[in-house]
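Chains A and C supply the protein sequences, listed in that same order.
Position one of the first sequence corresponds to residue 44 (this note's numbering), numbered consecutively onward.
Position one of the second sequence corresponds to residue 66 (this note's numbering), numbered consecutively onward.
The set of hints was computed from the structure by calculation and includes no laboratory data.
Glycine included, every Cβ here is placed at the ideal spot set by N, Cα and C.
Treat the hints loosely; a few may be bogus.
Each pair of labels, with its calculated beta carbon distance range [said to hold, decoys possible]:
| # | chain 1 | residue 1 | chain 2 | residue 2 | range |
| --- | --- | --- | --- | --- | --- |
| 1 | C | 471 | A | 226 | 48 to 58 angstroms |
| 2 | A | 105 | C | 471 | 25 to 35 angstroms |
| 3 | A | 143 | C | 349 | 49 to 59 angstroms |
| 4 | C | 471 | A | 242 | 18 to 28 angstroms |
| 5 | A | 226 | C | 348 | 11 to 21 angstroms |
| 6 | A | 187 | C | 293 | 51 to 61 angstroms |
| 7 | C | 293 | A | 232 | 19 to 29 angstroms |
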Amino acid sequence: MDDEKIRSVGLDSHKISEISVGRRSRPTLFLDVSIMDQPDNIRSSAAINFFCAAFIVLVTLVLVSQLGGQTRWVKRADLVMQPGFFPTVGLLVMGMPALVLSVVSFRQMRSGIELESPRIIVAGFHRCCEFAVWFLVYVYIIRWVGYLMATLLFMPALSLRVGFRGVRWMVTAVLIGLVIVLLFRTGLQVRLPDGYVYGYLPPEMRNFMIRNF
Amino acid sequence: MIELLLESLMLIARWDVAIALLVGAIGGVIIGAIPGVGPAVAIAILLPATYKLEPLVGLTVLLGIYGAALYGGAIPAILINTPGTPVNALTTYDGHPMARRGEPRRALSLAYSASFIGGIVSVLALIFLTPKLAAVAPYFGSRDILMAALLGLVLVILTHRGQTLAAAALVGMGVFITVVGMEPFRLTDRFVFGLPWLRGGLALIPAVLGLFAISQAFILLQSSDAPRQIPKVTGSPFAGLFEVIRRLKRVALCSSGFGIIMGIIPGVGEFLAQFFSYGLAQKLSKTPEKFGKGSSEGLVAAESANNAVPAAAMIPLLALGIPGEALTAMMLSVFTVHNLIPGPKLFETQPEFVVGLYVCLFLINFIVLAFLLIATPLLIRVIKVPERFLGVVVLTLALVGVYSIRNSLPDCWVAIGFGLLGYVLRRVNWPLVPIILGMVLGEIIEAKLRTSMARVETPLDFVNRPVSATIAIIIVLALTAHVWTEIRNYRQRRTKTSPAA
């Protein structure tokens, strides 16, 4: 399965391995779907798994250290009925497999920790953070200019940012934005905050804008 | 029975239900035909919007999208070798080779017809099996539901073969996320770190939207958008339909049966259904060597199996209130928002709603088939939409989903947090579904564990009822089989890599 296909459908690795195994030897009733069985993939998978699992172990340890302070111990209550019981179970289920996975993955790495792996894990992460900021700016400006205006600004601006230049794309982005607003806010009356600027409109128009946009 | 059916028909004979049927069916096909979007993203976005609608209308839209997207996903799988939804991956095996040798119309027609048979057979299974399960459901006590939810979690972990440890850690993460906020029994704070907005807990919807929609938008926004070559589709759209009915009905029915069984079992879903069906069809075929090279049997097996799952996945949800996979877990929230509690009571108090839902599911399959047979040439244009532009649209729509729940800015931050987590998990090819099922089933497990404690003196009391004992035995058997398989594989690997070998 090529990279584009994986990227476009966002497949999980067991699904990818199912497909890649199937390409080599067609699927049988008793499927061998483990990517870890494939010698070529052991190194990279093991290194990536090690870093991810180790990170989860670290987070679990931090949360375990907070158990006493973030949950209360109730007197004269069974262990299972304690407010801290289920968080402990959750942390155990999260931390123990991650610990085992980090040990197993570390042993599978043939030449120690590969420094390339963290780079693979966070590749493109800075761009995600940028898009996250775009999203949050969109969220905040709705409170100022209203959903209609915010959407009609956000869609062409982000389209421009990701490389869609030219009038045709701008018009398409504005039209799709308008359809989204009309469908969800005007049609389905989805609850979204009104813009502060609506307060400066004449009364009839203000009510109309608050009700529909 | 006829009276009940008439009451249900009265319930659905409304313009809003008719629109919901059309929107769900046609919208689902279009969403499925666009590689990179998929039903999970669409349902996550639309979920809060459906809270305002009547439950039957909202569920019809969501179920329509769920089922119809799998039909539509076959189009890019066959024409450009890129599955429209992840579960159409096996369709590329035989569908695309058929398209390359000049039979794209036949491949599409076969895929639609197989999907239709899978969809209809599974709705029939839903109609006949749900009342049976619902009749047994009153005998399910807290301990039985606790065990059933536990079985769901175990199966979610075990079905991620090759990634069981990662899936287990992510299930634990999901379980832990549910405990954040005010504890419902003693009303004490848990892991709120002094933040007042966290006392309400981390809601499912921002988490789902972040993990599925926003992370997918991040991926799409960074894609390279390579140009796609689409073959011309000419010929009769009905040829495949007759071929499936005349020559391939056995494969279609067997695969649908597999899909239904896999759909009912919590945590399994479309992937294993289609792989088992494909494997079985290949074993039973007179021409197994053609599989993977454009076999009509392979195409029919894969498509009918994955389309049989959506309706079958509703069986445990409607009968017991236990969702078996991420999409039905999202739909559970539609029931709870409208104070409808899935389970045997639903069949007693609102049978016309349940039958109405069956009829809607039935109709969706007919609308989708008719739409596909007519509109395929138009749908092919959808495949050409650039992925980065789709990313812009998905991110814009994600806001509607996140913000409209309670106009909460912290929800947006939570969704972004889960979006970044989802992005990293997608990058490293770790599964997302265990987190969601950990959240949904974790909540059920905690509640049922506490209510069952009144009747439990020793740990053995958890399994002293027939149902809970049976489920416990299934859990032990599943775990034993998994451990045994792992040990066997480990030994085989060692034998292969040892110097003597």
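Hints versus structure:
Between residue 471/C and residue 226/A the CB atoms are about 21 angstroms apart, so this pair departs from the stated range of 48 to 58 angstroms. For the pair residue 105/A and residue 471/C, the supplied restraint of 25 to 35 angstroms holds, since their beta-carbon distance comes to about 29 angstroms. Checked against the hint of 49 to 59 angstroms, the pair residue 143/A and residue 349/C fails, with Cβ atoms roughly 39 angstroms apart. Distance hint for residue 471/C and residue 242/A: a CB-CB separation of about 22 angstroms, consistent with the stated range 18 to 28 angstroms.
At about 48 angstroms, the CB distance of residue 226/A to residue 348/C disagrees with the hint of 11 to 21 angstroms. Restraint check, residue 187/A to residue 293/C: a C-beta distance of roughly 40 angstroms breaks the suggested window 51 to 61 angstroms. The supplied range of 19 to 29 angstroms is broken by residue 293/C and residue 232/A, whose beta-carbon atoms lie about 38 angstroms from each other.
When the structure is compared with the earlier hints, violations turn up for hints 1, 3, 5, 6, 7 and for no others.
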